[in-house]
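*Asks:* Here is what each chain is made of, one letter per residue.
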Amino acid sequence: MQKRPPVIQLINLEKAFGRQKVLRGASISIEEGKTTVIVGASGQGKSVLLKHMLGLLRPDSGQVLVHGKDINRIKKKELTRIRSDIGVLFQGSALFDSMTVFDNVALPLRERTRLDESAIRARVEEKLSLMDLNEIDGKYPAQLSGGMKKRVGLARALVMDPKIVFLDEPTTGLDVRKSKEIYRLFFKTQTQLGYTAVIVSHDAPKIFKLADYIALVADGKVQDCLSPEQFQLSENPYIKAFVMDTMGKIYFGEEDPL
Amino acid sequence: MGASTDMRRLNVFEALGDLTLYHLNQLGRMGQFLVRCLVSMFLPPYKLMPVVEQIHFIGAMSVFVVAFTGAFTGMVLGLQGYYSLSQFGSESALGSAVGLSLIRELGPVLTALMVTGRAGSAICAEIGIMRNSEQIDALECMAIDPHRYLMVPRFAAALICLPLLTCIFDVIGIFGGYVVGVKLLGVNEGAYFVGMYKSVVWGDIYMGLIKSVTFAVLIVWICASKGFFLHLERKGGFGAEGVSKATTNAVVLSSVAILVFDYLITAILL
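Order-wise, the sequence lines are chains A and B. For the first sequence, the tail end lands on 258 under our numbering, and the numbers increase by one without skipping. For the second sequence, the tail end lands on 270 under our numbering, and the numbers increase by one without skipping.
Treat each hint with caution, since some may be false.
[As the list claims (entries may be wrong)] One side of the interface only, derived from the structure: several residues of chain A facing chain B at Cβ under 7 Å:
(1) Thr80
(2) Ser84
(3) Gly92
(4) Pro108
(5) Glu111
[Stated by the list, open to error] Here are the simulated BS3-like cross-link-like pairs (lysine-lysine), alpha carbons at most 27 Å apart as the crow flies:
(6) A:Lys75 x B:Lys47
(7) A:Lys163 x A:Lys178
(8) B:Lys47 x A:Lys139
(9) A:Lys221 x A:Lys34
(10) A:Lys206 x A:Lys51
(11) A:Lys51 x B:Lys235
(12) B:Lys235 x B:Lys245
(13) B:Lys235 x A:Lys21
(14) A:Lys180 x A:Lys34
(15) A:Lys209 x A:Lys240
(16) A:Lys51 x A:Lys180
(17) A:Lys163 x A:Lys77
(18) B:Lys183 x B:Lys198
(19) A:Lys76 x B:Lys47
(20) A:Lys51 x B:Lys245
(21) B:Lys47 x A:Lys77
(22) A:Lys34 x A:Lys69
Rather than coming from a laboratory, the hints here were simulated on the basis of the structure. These numbers were taken from a predicted model, which means no experiment stands behind them. Beta carbons: idealized from backbone N, C-alpha and C, even for Gly.
With the rest of the complex left out, here is chain A (with noise of 0.2 Å):
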């Protein structure tokens, strides 16, 4: 089967902070109907690489290829086109707080459609209830807990019915259960809907169920994006490391100390 061209590709990408270089020359490409899941310690820059393929960061060097087109050398209207197919849940959910819940997934059907109030109602109605949230509307996102947020969250960045949907650590600061129902609630609506999922998390292994593809971050460079059953079985050094530290020894037949 031939394989279909990639959504996204970054290609050595350098990112630098000052005099902190964070991107040395990392390179990816997503896959359409996938789900990639970015995985790294924390500060490697797994989010910086999410925000290039958003277009919130420039490289220093590099390209970001987004259905082929480098999004930092087009126009602002084309970029505002590409990103009318996106939908992103961000790591502390960015939900507008002077907003009740039902007015943060109504925003982008208000600012960017034509739909009439009716419409609206009944399109953010349909997503609030697809992610479990009944009669929150009126509330505001300082009264909901950490999971409902996530929830309200997902159900935004899905109200445009997205082409490729971004999820920064869409389980952090969850208990079990909650990351599990928001892991459910992603599988449920990538089923339905078909997007392709680009996730960075920490959550390794129990993200790697839903993955079609792992990349580690490490050293400023994706070292490798690889199916979840190769990413294990990987002999690169950094992966190897990172499987050895989240799934122990036991995997590999030895017995852990631990």
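Starting from the structure of chain A, add chain B where the hints point.
*Replies:* Frame of chain A; chain B shown alone:
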């Protein structure tokens, strides 16, 4: 294995160059920000409700503080003016002195300083918190232009409100001067108003209005951009401390800019 840092100390010349580049960069960013906001203001679609909300916040909610300041400024001008003019036997010129000082200088400047303290600081803090909590990134990712969505209503509201607030300040200040000069110190009522009527010309009123419009742009520009670029602040713009520092900087910078531009406009128009 982490990202490496090159944290060697810079020598004096490097540090000076670094600082100059940082400030030039900041000025360039703020310039681009202003142009984008002003251009976005004239492009459709035009949304009325966000502007009305900001008029309420920047304008209506500042009326009391502006009126209060105007009354006392007028009263102190009446008092000071009377004692200075009475030394030359020119108490009848009190109306001209109060009217001209308020309309040309004190009205626009003090109104702008009051609005900076009340609304400018709030704009900077609100936008800064939005930046810190990734709400501005979220807007960009939703293909909603934050310049248009967040800034245009604030610029439009300030441009509408500042001249009106300045007029309120002037009228109440003139009345404050009247109360002290005429009612308390016994200056002739006719002399007070006729003197003012004869000395204040349309040019003075235009000058006051030009100043208030310029100050409106300055206040929103400096306060909003300080919040908007909080993440690029040199000494860390994160957390509550980052927001509080940026807000203080924004208020100080706006106040200084108002006084500098006041001088420049006066020098050009006189």
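*Asks:* Take the hints in turn and mark each one as holding or not.
*Replies:* Now the hints, each set against the structure:
1. The interface hint given for Thr80 (chain A) holds, since its Cβ lies 5 Å from the closest Cβ of chain B, which is under the 7 Å cut-off.
2. With its C-beta approaching chain B no nearer than about 4 Å, Ser84 (chain A) sits inside the 7 Å limit, and its interface hint holds.
3. A distance limit of 7 Å between C-beta atoms decides the matter here; for Gly92 (chain A) the minimum to chain B is near 6 Å, and the interface restraint holds.
4. Among the interface hints, the one on Pro108 (chain A) holds; its C-beta lies about 5 Å from the nearest C-beta in chain B, closer than the 7 Å criterion.
5. Given the 7 Å rule on beta carbons, the hint for Glu111 (chain A) holds: about 5 Å separates it from the nearest Cβ of chain B.
6. Our distance criterion of 27 Å between C-alpha atoms is met by Lys75 (chain A) and Lys47 (chain B), whose separation comes to about 24 Å.
7. Restraint check: the Cα-Cα separation between Lys163 (chain A) and Lys178 (chain A) comes to about 25 Å, which is no more than 27 Å; the hinted pair holds.
8. Proposed proximity of Lys47 (chain B) and Lys139 (chain A) is supported: the alpha carbons are some 25 Å apart, at most 27 Å.
9. Taking the CA atoms of Lys221 (chain A) and Lys34 (chain A), the gap is about 21 Å. The hint holds against a cut of 27 Å.
10. At most 27 Å may separate the alpha-carbon atoms for a hinted pair to count; Lys206 (chain A) and Lys51 (chain A) meet this at roughly 24 Å.
11. The straight-line distance between the Cα atoms of Lys51 (chain A) and Lys235 (chain B) is roughly 22 Å, inside the 27 Å bound, and the hint therefore holds.
12. Proximity of Lys235 (chain B) to Lys245 (chain B) is assessed by CA-CA distance (about 10 Å); at most 27 Å being required, the pair is judged to hold.
13. The hinted pair formed by Lys235 (chain B) and Lys21 (chain A) meets the criterion: a straight-line CA distance of about 18 Å does not exceed 27 Å.
14. Between Lys180 (chain A) and Lys34 (chain A) the alpha-carbon distance is near 20 Å, which keeps this suggested pair within the 27 Å criterion.
15. Distance restraint check for Lys209 (chain A) and Lys240 (chain A): the Cα-Cα separation of roughly 18 Å lies within the 27 Å cut-off, and the hinted pair is therefore satisfied.
16. Note on Lys51 (chain A) and Lys180 (chain A): the hinted pairing holds, with a Cα-Cα distance of about 25 Å set against a maximum of 27 Å.
17. The straight-line distance between the Cα atoms of Lys163 (chain A) and Lys77 (chain A) is roughly 18 Å, inside the 27 Å bound, and the hint therefore holds.
18. Proximity of Lys183 (chain B) to Lys198 (chain B) is assessed by CA-CA distance (about 21 Å); at most 27 Å being required, the pair is judged to hold.
19. Restraint check for Lys76 (chain A) and Lys47 (chain B): satisfied, since their Cα atoms lie roughly 21 Å apart, inside the 27 Å limit.
20. A distance of roughly 26 Å separates the Cα atoms of Lys51 (chain A) and Lys245 (chain B); the hinted pair therefore holds under the 27 Å criterion.
21. Pair hint Lys47 (chain B) plus Lys77 (chain A) holds up; C-alpha atoms about 20 Å apart against a cutoff of 27 Å.
22. This hinted pair checks out: Lys34 (chain A) and Lys69 (chain A) have alpha carbons roughly 20 Å apart, not beyond 27 Å.
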